[in-house]
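Enquirer: For the protein sequence lines, the chains are P and C, in the order given.
Each residue of the first sequence is one higher than the one before, counting from 840 in this note's numbering.
Each residue of the second sequence is one higher than the one before, counting from 4 in this note's numbering.
A couple of the hints might just be wrong.
Here are the simulated distance ranges between beta carbons [claimed, not checked]:
#1 C:ARG132 with P:TRP925: 55 to 63 Å
#2 C:GLY102 with P:VAL1041: 31 to 39 Å
#3 C:ASP32 with P:GLY1044: 38 to 46 Å
#4 C:GLN77 with P:GLU1103: 17 to 25 Å
#5 C:VAL33 with P:ARG866: 44 to 52 Å
#6 C:GLY153 with P:ALA981: 52 to 60 Å
For lysine-lysine, the following DSBU-like pairs were computed, each having C-alpha atoms within a straight-line distance of at most 35 Å [stated by the list, open to error]:
#7 C:LYS45 with P:LYS1105
#8 P:LYS1105 with C:LYS28
#9 C:LYS45 with C:LYS243
If you're looking for bench data, these hints aren't it; they were derived computationally from the structure.
Note that beta-carbon positions come from the ideal geometry of N, C-alpha and C, so glycine has one too.
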Amino acid sequence: MTQYSPLRIFLKTVVARAYPRVIAIWRQVAWLFFDMAFPIVGSLAMVLVYQGLHAPRQYLGFVVMGGAMLAFWQNVLWSMATQFSWDRGNGTLELYTIAPTTFEAVLLGMAVGSMITTTIRAGVILVAGSLLFGISYASGGALAAIGVFLLTLAALYCLGMLLASLFLFYSREAWHLASALQEPVNFISGLYFPVRALGAYVAGGASLVPMTLGLDAMRQLLLPGTPVFIPVGLETTIVAIQVPVYAILAGLALRFLETRARSEGKLVTRWD
Amino acid sequence: MAGTSPSSTSSRPAVETRQLGRVYKSRKDVVVALQGIDLSVKQGELFGVLGPNGAGKTTLIKILVTLLLPTSGQAWVDGLDVVKDYRALRHRISMVSGGENAGYGLLRVREQLWLFSQLYGMSSAAARRRIDELLERLGLAEVGNRTIAGLSSGMRQKMSLVRGLMTDPRVIFLDEPTVALDVGAARDVRNEVRRWMGEDPTRTVILTTHYMQEADELCDRVAIVNRGEVIAHGTPQALKQQVDEDVIVDLQLEPGRPLLDALRAIEGVGAASAREEDGIDRFSLLLADDAVLPRVLTTVEGSGRRVTGLVRRQPTLEDAFVKLVGRSLHEEDSSGDGA
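Take the sequences, apply the hints, and build the full model.
Expert: Written out as structure tokens, the structure is:
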């Protein structure tokens, strides 16, 4: 038996846990289709509403960008936050727990794998939606928008790790929480319209979800004329702060809840 | 990156527990799953934990593998405290459960095993070599590139054993590893466990099983757990000696009225268990001496049931278990009279 360093185990766990997510791109082609098709159909409905209301053309851009970001939020909720619930049900969580690795490494691997696969899906949604609805973007803001996008992803998946830690302890209750978070967050984060329309208090509250400010900043950079909630620089700074805050909170929550889960028998699938 | 090997002291017990207990509390009730467990398992031993459903075997294993905290007492595995030193301990242990369904269905067998090897920091090359070697030994080499969703339960169980062994743990916990396996697959699992232990005399296995014959065949020592307590422990031979002076009789009857309680009530019947097989009720009776047998046959006759077979035989571990626990492993806790 050889005992390896924690850093080595951490890095290898990240790569290993990302692997099934990435390999799913080739092995679950049908899922890929549905994951792309449904957000596009959702966006199409909103586009038709806006066209019916004779909204300015830039609103179609809001919808397409929101549709692309929706893929990430759904992924964070249903493939990150709830994953430990699945893992507990089939006994995988027990094997993660008794291995010398950490939950942080497992979750980071999950996040990396999810980011890769979901970026492909979101990219297809963005390109297809833009071509379909004839949307043009300001090329001058592209590089900055990519930077904001990457920062938003980091913050969003750190939030996903925090939510996943809740699932380590709670099961069905946390499932309801994820369901409850989905539609309201879709609405208040301004997926289909500029978040400024919700007013300072609601939009400020919605800013706890990194997607809200990240998406708004990307829209300001790529779709000139977007109503400004707060300036891009401030939005980016807040999202940048959310990355370590959510990461640290996730780490603390994981440690606390692992101890409680061991104490209350929440990690085991049977206990006769 | 160089790894560090922990020092091994052959005199140190592989597993030790002192007054170990676990209570589950919920809003509605309190369940005492384990109480006052004192065990000491030597390095290199294959130690069996036997008990009926709900006896506390799995709770004991889950505490020892750091999945569950005890509510009283202490436990050490390979010299490390399961509560205080759990992070260090996790480098040295592994667990395989019967009917295990862990992992990701879209992965192939080799990929799945590689994934779990990485949680221990193994190099990919070393992991692949070890995986191939173990798959070959367990007759799974040909399905190594099949997705795990397409494996039979026997193959899946063998794959779980490969997962448990590939990281070369100091102590491996096998929780009913042959449950629901066919005879051939169960034999392969047992053979591999023996071979793995034979490679290093300090390797230790803690095994829970429902199969007495398996425990008798494999284990150096066993502990019998009932209602959360260890009621006996020793070598299978020593436990069997507890029923050495009894007369053991197997009785086969055609189906009919329930009889088990009536047989147990006969003076001189030390213990009785029953199971139904192929439409025939089979009773095992521990009698104080030969003189009890006529009373047994009179009771059977009085019940209107017909005897189709009667055999006197040597004691087994199962007989010792029935005598100690009062029922066989196959009987549910509440069933007083299955046959």
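Enquirer: Each of the hints needs a verdict: does it hold here or not?
Expert: Okay, the hints, checked on the actual structure:
1. Take ARG132 of chain C and TRP925 of chain P: their Cβ atoms lie about 31 Å apart, and the range 55 to 63 Å is violated.
2. With their beta carbons about 49 Å apart, GLY102 of chain C and VAL1041 of chain P fall outside the hinted range of 31 to 39 Å.
3. Between ASP32 of chain C and GLY1044 of chain P the CB atoms are about 42 Å apart, so this pair conforms to the stated range of 38 to 46 Å.
4. Take GLN77 of chain C and GLU1103 of chain P: their Cβ atoms lie about 20 Å apart, and the range 17 to 25 Å holds.
5. Checked against the given bound of 44 to 52 Å, the beta carbons of VAL33 of chain C and ARG866 of chain P, roughly 47 Å apart, stay inside it.
6. Distance hint check: the CB atoms of GLY153 of chain C and ALA981 of chain P are about 45 Å apart, inconsistent with the given range 52 to 60 Å.
7. A distance of roughly 31 Å separates the Cα atoms of LYS45 of chain C and LYS1105 of chain P; the hinted pair therefore holds under the 35 Å criterion.
8. For the hint linking LYS1105 of chain P to LYS28 of chain C, the alpha-carbon distance of about 12 Å falls within 35 Å, and the restraint holds.
9. About 21 Å separates the Cα atoms of LYS45 of chain C and LYS243 of chain C, which keeps this hinted pair within 35 Å; it holds.
The structure fails to meet hints 1, 2, 6 from the earlier list, while all remaining hints are met.
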